[in-house]
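Asks: Just need the whole structure built from these sequences, with the hints factored in.
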Amino acid sequence: MQAIIEAIAEPRRREILRLVRATELPAGAIAAHFDDVTRPAVSQHLRTLREAGLVAERRDGTRRLYRARPEGLAGLREFLDGFWDERLDALRREAEIEERRPGGRGGGN
Amino acid sequence: MAEAVGTEQIVKEIQIGASPETVFGFFTEPDKLVRWLCSEATVDPRPGGVCRQTHYADDGAGPYLMRGEYVEVVPPSRVVFTWGWEGSDMNTPPGSTTVEVTLEQDDAGTRLTLVHRDLPEPARDGHDSGWVHKLERLAVAATGGDPEAR
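These protein sequence lines are chains Z and F, in that order. Each residue of the first sequence is one higher than the one before, starting from 0 at the first, in numbering that gives the first Met the number 0. Each residue of the second sequence is one higher than the one before, starting from 0 at the first, in numbering that gives the first Met the number 0.
Rather than coming from a laboratory, the hints here were simulated on the basis of the structure. Owing to the predicted nature of the structure, the values given are computational and were not obtained by experimental measurement. Take these hints with a grain of salt, some might be off.
What the hints assert, rightly or not - Per the computed footprint, the stretches of chain F lying under chain Z, defined by three or more beta-carbons under 8 Å from a beta-carbon of chain Z, are:
1) 18-24
2) 29-38
3) 106-116
Beta carbons are placed, not taken as given, at the ideal position from N, Cα and C, and that holds for glycine.
Replies: In structure tokens:
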């Protein structure tokens with residue numbers, strides 16, 4: 000998705016993904032990791048990541064906890080798996096028709 | 000070919016009752032590509048040549064533009080091209096994945112093996128660093144434009 004590509008194009012957002020890939024962290028702890036990024040900017044990054052499906056947000060009382068969602072990138076394999084099954088079936092059909100065609104193109108003269 | 004460690008791939012094998020010569024043309028000739036793979040094709044089947052395809056989903060959604068480049072063209076046994084969607088909702092920018100097709104003659108005609116590799120699928124079961132690595136690669140492809148261009 001375009002949203003995913005845009006989300007990970009920003010180095011700080013990739014850094015955030017690294018921080019939360021194995022541990023769930025509150026926004027404050029994530030912001031504390033950066034010297035040069037304001038808390039609102041970190042919130043904005045988290046929002047972008049969440050909207051791209053790359054992080055999950057969970058509320059715990061007043062805190063919001065974040066963790067990476069590697070499955071945010073899933074789905075492509077399933078899509079392509081079905082895509083190639085379907086297309087290769089069509090290829091077989093068309094190639095076999097082509098093969099039987101009288102005087103079918105034999106790959107040039 | 001660089002073999003990226005831990006990247007996902009799809010492998011398909013089919014049997015076709017046609018010669019490898021016949022099947023090969025379906026990967027390199029626009030009028031044959033549109034019979035099975037896509038709606039429109041613009042191709043220059045030689046290493047470095049373009050392989051552009053316009054696709055529509057079964058429900059009519061699209062167009063989805065596939066922009067690739069031929070890497071190997073060895074009639075009638077092997078064709079390799081890069082594969083990526085341009086500005087669509089698939090997270091595979093142009094140049095980011097590769098399709099390798101091998102055609103072997105056998106008694107029934109042709110045994111076709113298709114390997115679609117370098118897919119940006121997250122590694123499963125705790126291969127987290129692999130996942131971040133893939134994100135990095137995607138990010139490079141996304142921000143640096145097309146790594147395969149010219």
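Asks: Determine for every hint whether it applies to the structure shown.
Replies: Evaluated hints:
1. Here's how the segment 18-24 of chain F fares: 6 of its residues keep a CB closer than 8 Å to some CB of chain Z, so the rule of at least three is met and the hint holds.
2. Chain Z is given as covering the segment 29-38 of chain F, and this holds because 4 residues of the stretch bring a CB closer than 8 Å to a CB of that chain, at least three being needed.
3. Given a C-beta distance limit of less than 8 Å, the hint that chain Z covers the segment 106-116 of chain F holds, as 5 residues qualify and 3 suffice.
Hint compliance for this structure: no hint is broken.
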